[in-house]
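Novice: Residues per chain are reported as follows:
There are 2 protein chains.
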Amino acid sequence: MKRRAFISVYDKVGLIDFAKNLVEKFDYEIVAGGDTYELLKSAEIEVINVAEFSNASGLLSKDFDAVNETIFAGILANSSDTRELNELERLAVKAFDMVVVNICPFEKIVLESNDVSEMISKIDVAGVAILRAGAKNYKNITVITDKVDYYVALNANDFGRLKLAVKAFNLTAAYDRLICSKLAEQTGEKPFKTFNFEKLKDMKYGENPHQKGAIYKTDRMIDYEVINGKELTFNDILNVTEATNLVSEFYDVNCVSIIRHTKPCGVALGRSLYEAYTKAFDCDPVSSFYGTVGFSKTVDAEVAKHLNSMAVEVVVAPDYDEQAIELFSDNSEIKLVKLNTSLKDYRRLTVEEVILTPFGALVQDRNNSELDKDMFKVVTREKPTAEQIEDAIFAWKVVKHAKTNAVVIARDFKSVAIAQGQTNALSAVEWALNYACDGSKEAVLASDSFLPAEDCIYSAIQGRISLIIQPGGSIKDQNLIEVCDKYGIAMITTGIRNYRQ
Amino acid sequence: MKRRAFISVYDKVGLIDFAKNLVEKFDYEIVAGGDTYELLKSAEIEVINVAEFSNASGLLSKDFDAVNETIFAGILANSSDTRELNELERLAVKAFDMVVVNICPFEKIVLESNDVSEMISKIDVAGVAILRAGAKNYKNITVITDKVDYYVALNANDFGRLKLAVKAFNLTAAYDRLICSKLAEQTGEKPFKTFNFEKLKDMKYGENPHQKGAIYKTDRMIDYEVINGKELTFNDILNVTEATNLVSEFYDVNCVSIIRHTKPCGVALGRSLYEAYTKAFDCDPVSSFYGTVGFSKTVDAEVAKHLNSMAVEVVVAPDYDEQAIELFSDNSEIKLVKLNTSLKDYRRLTVEEVILTPFGALVQDRNNSELDKDMFKVVTREKPTAEQIEDAIFAWKVVKHAKTNAVVIARDFKSVAIAQGQTNALSAVEWALNYACDGSKEAVLASDSFLPAEDCIYSAIQGRISLIIQPGGSIKDQNLIEVCDKYGIAMITTGIRNYRQ
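Residue numbers (this note's numbering), protein chains in the order written: chain W, 1 to 501; chain D, 502 to 1002.
If you are wondering where the hints come from, they were derived from the structure by calculation, not from laboratory data.
PhoX-like cross-link-like pairs, simulated, lysine-lysine; straight-line CA separation at most 25 Å:
(1) D:513 to D:609
(2) D:623 to W:139
(3) W:167 to D:668
(4) D:718 to W:217
(5) W:199 to D:694
(6) D:563 to W:94
Note that this is a predicted model, so its numbers are computed, not measured.
Make the full structure from the sequences, and use the hints.
Specialist: In structure tokens form, the structure reads like this:
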């Protein structure tokens, strides 16, 4: 018996070849409508017009030529059941074996439509209905929604057809979800938040060996590759993200960030990348062991040599020069991540944060705060030098990425101490000063949250800090300023809090 | 002109009344199929059978009586356009004004089906196609998918019909998504991960004032209410989650957890809830200011009095007794969260964690680790007492919720020091011992990650710690044990790492 395919596609790439194969090599009868019919006809492929095939009544416009009993009976027919086959024959149902349908992505419709009415008028009804019918009947119907499946599908068994059906339902689900969101926007709100991720792979485990973990593809991902060493683990991805977040703050200069347990433990800028690296490393050599190191520029041989001599787990950089790659090639312990997306574009990427809690799912914008010159104020009599202000801006950008309560002490574009994960601001100030020892002398001190009490200032003064940068906004701000003025220390308030829980 | 409604519903509650109203008060002609037709007929409501209405050819089974040109032409008709109206009249298209369709939820189909074939055979094709056609044509068609909309829908204007269309597309999107997931499971994997959250409300802001934030409803939420004070903020929800996570570890005894910036800063058990509260508070009174306090049992007047006298922002508890509520009623500054889900059930809730990164979306199981007696080993010559082991288990449960690297020093079911957010284990040990002062004497020390070097043990010995509990698994484990044995300190290894980034 001749096999039969229904074809109606938006994406016509590769269709002519495929249809030719169907007809000539696999003895298919092709039924098609609209511009798919025209295309095949003009390519001199034997094809039956769907309106003719099903004696369409003309009640509906051409787009709906396939919405009729003849077509649906043919697509829903259980042709593998002999009893039913007899019934189908009695009714002269012309059963299909294949459905090749894809529709214009709704994202594209949204982009190209001038108004909502136009957008809505382009919502597909017939194609989706046929796809769903075909996918439901996947035991008898091969449903193709994607040109990449053209040739695999020809030899698909039950299992293969099931996979194709999954793909079809994924398409219709995503299509309707996007319509739903877009229409909802018209009602003045976005009442639904939907994420649909395609699995990239299961990971060995999640944050800990007893937790299952997996990584999924999203539509807001950068392009990257691992060019040396093993696959990235769950925790590696977290660390690489933090390392890249930090260097992306300083994408136009030489910057190095060292991350351990997703927390910065050394960040620095340098005249060369190597200088930045050694400065960052000096901040906390102990924590830097088995750390993840981020670079804002191409890793060269000088840096590579030192990385190789250290216990570094992961490196992330925009690129690695030839000599560097050569040096790493013997080191299977080090994972090299190459960013194919520029750090500038990385910064522009708007990734939302989602936190699922038993009290509800929290969704927020990523913290992309920038200093605002209207809020940035020197509030003390003592005025900082230009160099101190530059260090303060550097420290402010670093402390933004540390966990609250966080305090960064920095000098000469080098983090001297990074206090974080503290549960009050004074503890963070004290931890950082203790850690810095005499490194705090004439350095700047940045706090992610406002300093609540004079104690914080007294501690900074004892540590011989020259400039404090903090959000301000405490009811005690004036008292703090008085202490600063009394002891001749400068303070900037930014008006921007950077909690990071 | 008589208005026309197509009705085919799975959920028949309230339908008879509604249909009666349509016919008698609003002069509707009703077209219905299948058991909806039978139901209306038996209720003596005037109704036309869809097969008769559309002269169905009988090619398709009864479920598909509505899949024909007559019905789709009627549902897709642009009856508000006069030019098109003429054309519709010429073709004798019988336009519809309302579509009332809902389908059996796929969750229910999954539950009730014995095998995949049965499940798939129950996938709705006709109803979804009609819903989508009606929703697309929402300017002319009122689409009702939910009985709660029956009477509102009757007076819906353009805007109201748009909202109903959003609801319809939400239904079809969710339906196909679930089919997709279930079919995908049959292929041996879950290639897609989908979340679809309904917005509960926009929040004033996210983690910081410059970040937008909102909270969404999920299908894995507990039941809770805020019975005093203002609405919970974004950060409140994070803190309440941590506070509840902690007390749920000790749901059958009196437990209090104090959280600041999502981190525990005091946890204790007590003979009374009040005793537990004062013990927890003693751990870090400074951080406890403006903290969130979690209780495992009903808050009574004694506890309420003290909470009222403190600067506490949020309290979460299974309940509050009458006297306590009375005491709080004058205090509009304190937010009281009442858990209507038991802490035992809370523990069973399997919430996944999702972390969206530019390198992919990470999904993992929540860390629900429990001590495993097969891995729980006293590895030293010195054996701990029963009391010490109980304290060790307590400390282990607390340190699991602190941020890595974390160390908890505890004695008599009271956290004495909680070090967290450190970037190496030795720092965490030292911070905790410094903080504890003489509180570490004869206490236990728990680390979330393995202790990597003898220094950690020497520090603990100097702090007069009597028992260490840690995952073990370092290549230096044997050296550490030797130091313990030399100085007569006991150590337990659990085999379970509890990183919490």
